[in-house]
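There are 2 protein chains.
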Amino acid sequence: MAKIHNFSAGPSILPQEVFQEASQAVLDFNGTGLSLLEMSHRSKEFVAVMDEARALVKEIYNLSDDYEVMFLQGGASLGFLISAYNLQGANKKGAYISTGAWASKALKEGKWVGEAVEVATSKPENYNHIPKNYVVGSDVDYLHYTSNNTIFGTQFHNVPEVNVPLVCDMSSDIFCRELDTSKFDLIYAGAQKNMGPAGATLYIAKKSLIGNSSANIPTMLNLKTHADKESMFNTPPVFAVYVSMLVLRWIKKTGLKQIGIMNKAKADLLYGEIDRNTMFKGTAAEEDRSIMNACFVLNDGLDESLTTSFLDMCKTANISGLKGHRDVGGFRASMYNALPLDSVQALVDVMKAFEIKYA
Amino acid sequence: MAKIHNFSAGPSILPQEVFQEASQAVLDFNGTGLSLLEMSHRSKEFVAVMDEARALVKEIYNLSDDYEVMFLQGGASLGFLISAYNLQGANKKGAYISTGAWASKALKEGKWVGEAVEVATSKPENYNHIPKNYVVGSDVDYLHYTSNNTIFGTQFHNVPEVNVPLVCDMSSDIFCRELDTSKFDLIYAGAQKNMGPAGATLYIAKKSLIGNSSANIPTMLNLKTHADKESMFNTPPVFAVYVSMLVLRWIKKTGLKQIGIMNKAKADLLYGEIDRNTMFKGTAAEEDRSIMNACFVLNDGLDESLTTSFLDMCKTANISGLKGHRDVGGFRASMYNALPLDSVQALVDVMKAFEIKYA
Chain A
1381 MAKIHNFSAG PSILPQEVFQ EASQAVLDFN GTGLSLLEMS HRSKEFVAVM DEARALVKEI
1441 YNLSDDYEVM FLQGGASLGF LISAYNLQGA NKKGAYISTG AWASKALKEG KWVGEAVEVA
1501 TSKPENYNHI PKNYVVGSDV DYLHYTSNNT IFGTQFHNVP EVNVPLVCDM SSDIFCRELD
1561 TSKFDLIYAG AQKNMGPAGA TLYIAKKSLI GNSSANIPTM LNLKTHADKE SMFNTPPVFA
1621 VYVSMLVLRW IKKTGLKQIG IMNKAKADLL YGEIDRNTMF KGTAAEEDRS IMNACFVLND
1681 GLDESLTTSF LDMCKTANIS GLKGHRDVGG FRASMYNALP LDSVQALVDV MKAFEIKYA
Chain B
1381 MAKIHNFSAG PSILPQEVFQ EASQAVLDFN GTGLSLLEMS HRSKEFVAVM DEARALVKEI
1441 YNLSDDYEVM FLQGGASLGF LISAYNLQGA NKKGAYISTG AWASKALKEG KWVGEAVEVA
1501 TSKPENYNHI PKNYVVGSDV DYLHYTSNNT IFGTQFHNVP EVNVPLVCDM SSDIFCRELD
1561 TSKFDLIYAG AQKNMGPAGA TLYIAKKSLI GNSSANIPTM LNLKTHADKE SMFNTPPVFA
1621 VYVSMLVLRW IKKTGLKQIG IMNKAKADLL YGEIDRNTMF KGTAAEEDRS IMNACFVLND
1681 GLDESLTTSF LDMCKTANIS GLKGHRDVGG FRASMYNALP LDSVQALVDV MKAFEIKYA
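From first to last, the protein sequence lines are chains A and B. Take any residue in the first sequence, note its place counting from 1, add 1380, and you have its number in our numbering. Take any residue in the second sequence, note its place counting from 1, add 1380, and you have its number in our numbering.
Don't read these hints as lab results, they were simulated from the structure. Just so you know, not all the hints are guaranteed correct.
For identical chains, the list gives no copy identity; a pair is met inside one copy or between any two copies.
[Stated by the list, open to error] Think about it this way: if two alpha-carbon atoms lie no more than 25 Å apart in a straight line, the pair counts; the simulated SDA-like pairs of lysine to any residue are:
hint: 1; residue 1: K1604; residue 2: A1496
hint: 2; residue 1: K1609; residue 2: I1531
hint: 3; residue 1: K1703; residue 2: G1411
hint: 4; residue 1: K1737; residue 2: G1469
hint: 5; residue 1: K1473; residue 2: A1595
hint: 6; residue 1: K1512; residue 2: F1613
hint: 7; residue 1: K1473; residue 2: A1726
hint: 8; residue 1: K1503; residue 2: N1679
hint: 9; residue 1: K1424; residue 2: V1677
hint: 10; residue 1: K1703; residue 2: S1562
hint: 11; residue 1: K1491; residue 2: T1599
hint: 12; residue 1: K1587; residue 2: S1685
hint: 13; residue 1: K1383; residue 2: Q1400
Starting from the given sequences, assemble the full structure and let the hints guide the process.
Spelled out as structure tokens, the structure:
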């Protein structure tokens, strides 16, 4: 079968070698004679997997012992609630930057826990940029932001400089490049873009915040519950954690610096073509363009029916997952860590052929 | 490699044919050229999986259109909170039967949401039986119970007859035999015993209760959120749902009636040997013995060192997962749906050999 160029926005492409190992583990895990799917999460074999996954996160991100790493469930959608609960302090008030659909959902859950204020938003411009000038008062317990916006193709290229604890939903760009993690009090991320399959959610929390919320938190939403039990308070999502561990091994082997270089090369190649090609235009402000998700549409004045023509040409070239989100339209190319430069080149080739055919 | 007899308490044995199919799906899902782990949950291929999984639950359990089936995350531990939130009515009070560790945790979360009263408990007898005589007043919104207790090896063999909505954590005995599901308002169950791998949690809810709680519920804990989006409000645990669907196909093919017959045959074989063998005694009241988890210990007066001797003999016979939970000690044989009768016979053979050697 011809190779598929997988531009899916998530769940999304993972390293091919991971699929081989994961497939084998479903049949027989490490020569135990048992499938990983039928093994106790308390077995020494799986405890070793969980420990290695957590250790790899610490190593890859240079996390000091001031941080706790956890693998939980529920995705970022439950993380909105968990972050608001666990970060609540004396002010019972959080600040949020609204840069898209997910950031807005985080704000909504923040309001469920306490007061939550929107200190900046790019909604009036359909979230086509990252707000720059905003003020975060000292009367809030934390600032929450979403580092990358899959739907709108924007990304924070600098960590907000504030004097309050910083919380970030990093679901769609975690491990995409080097990062000064010491600036964060809490990072959370659904696994299903750069880190693994759907079903596991990573939490990186400063130990000093764990158990120090002013809120009365239900057991499963309290990070202290999970930190105290090393992510084994209840049965973890065994297979999703295992595959995440395999991906983390690949990230470590490749190196975060190199991954950042490759992601920039892929983004430069694609955005270069979007800007050069007379048939397309990008939708996000240039300085805020995401290196993970490139959103583009047909250039002004072109017949809308060409959208289907282009998607058909992509399909013929084995390029999948390119249809844009309904909130932006057009096209979206998601270029997560495991996507090879070759796949971006294949897309660029189709864009050029499309221009020659229809310009 | 010799076959392992997998008596693990959970995650636990699943049908062998499921491992083959699941392993293949990790490499190439249904000839798409993509791994199931890298496919969008919104792809038509995965939407078909989710739809089939939900439909199979309805079919296997003869559920009327009055019920909604959902696959979520978080395990029963999050289900404790979700059930209490969604069942809360005008009384803001739930009734709980405490039959073990998990039932007690459900009660604890119930108290977080509203008032929660314990109408019966077998704790003074270390949960060795199911309480029979209890009164559930009409001033509660629901009765919650745990149908099977993995740690203590007890099981409700009759559904409680009450005049209030009935909620059940069925994590460790769902689909173990035929069941009159029309008696329930809400059933929830972590997948990782009879239904699939860890990471998916099943909810079967009467539609009339969904969205009618008196509580103000956070988005992700509100069953209405998930019912309205057919379990696709956020990214579901794709692989765990897929494997659950494969197991549900196997359950349908085998038939719930036949599964119940086989489970009873396995339990009869093992309990018969526990009662006959002079080296062992069961820990649970006979009438409440679980057909899923059989707990037994060395008979009175025997040297405790024989525990290790017996476990060593089990290991030699490729019997795994037999060590009892620390709260009961001794031995626990979990005989979930996919465990063959042959495995129980292998265990019984070791018990007989143990008696001959050490009696």
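Each hint, compared with the structure:
1. K1604 <-> A1496: Both, since 23 Å and 24 Å are each at most 25 Å.
2. K1609 <-> I1531: The answer is between: 19 Å across copies meets 25 Å, while 35 Å in one copy does not.
3. K1703 <-> G1411: For K1703 and G1411, the Cα distance is within 25 Å only across copies (21 Å; inside one copy 42 Å).
4. K1737 <-> G1469: neither (60 Å within a copy, 64 Å between copies)
5. K1473 <-> A1595: both (11 Å within a copy, 22 Å between copies)
6. K1512 <-> F1613: Classified as neither; 40 Å inside a copy, 31 Å across copies.
7. K1473 <-> A1726: neither (48 Å within a copy, 61 Å between copies)
8. K1503 <-> N1679: within (22 Å within a copy, 71 Å between copies)
9. K1424 <-> V1677: For K1424 and V1677, only the inter-copy Cα distance (24 Å) is at most 25 Å; the intra-copy one is 51 Å.
10. K1703 <-> S1562: neither (37 Å within a copy, 43 Å between copies)
11. K1491 <-> T1599: both (20 Å within a copy, 11 Å between copies)
12. K1587 <-> S1685: Classified as neither: same-chain Cα gap 54 Å, cross-chain 42 Å, threshold 25 Å.
13. K1383 <-> Q1400: Both: 16 Å inside a copy, 23 Å across copies.
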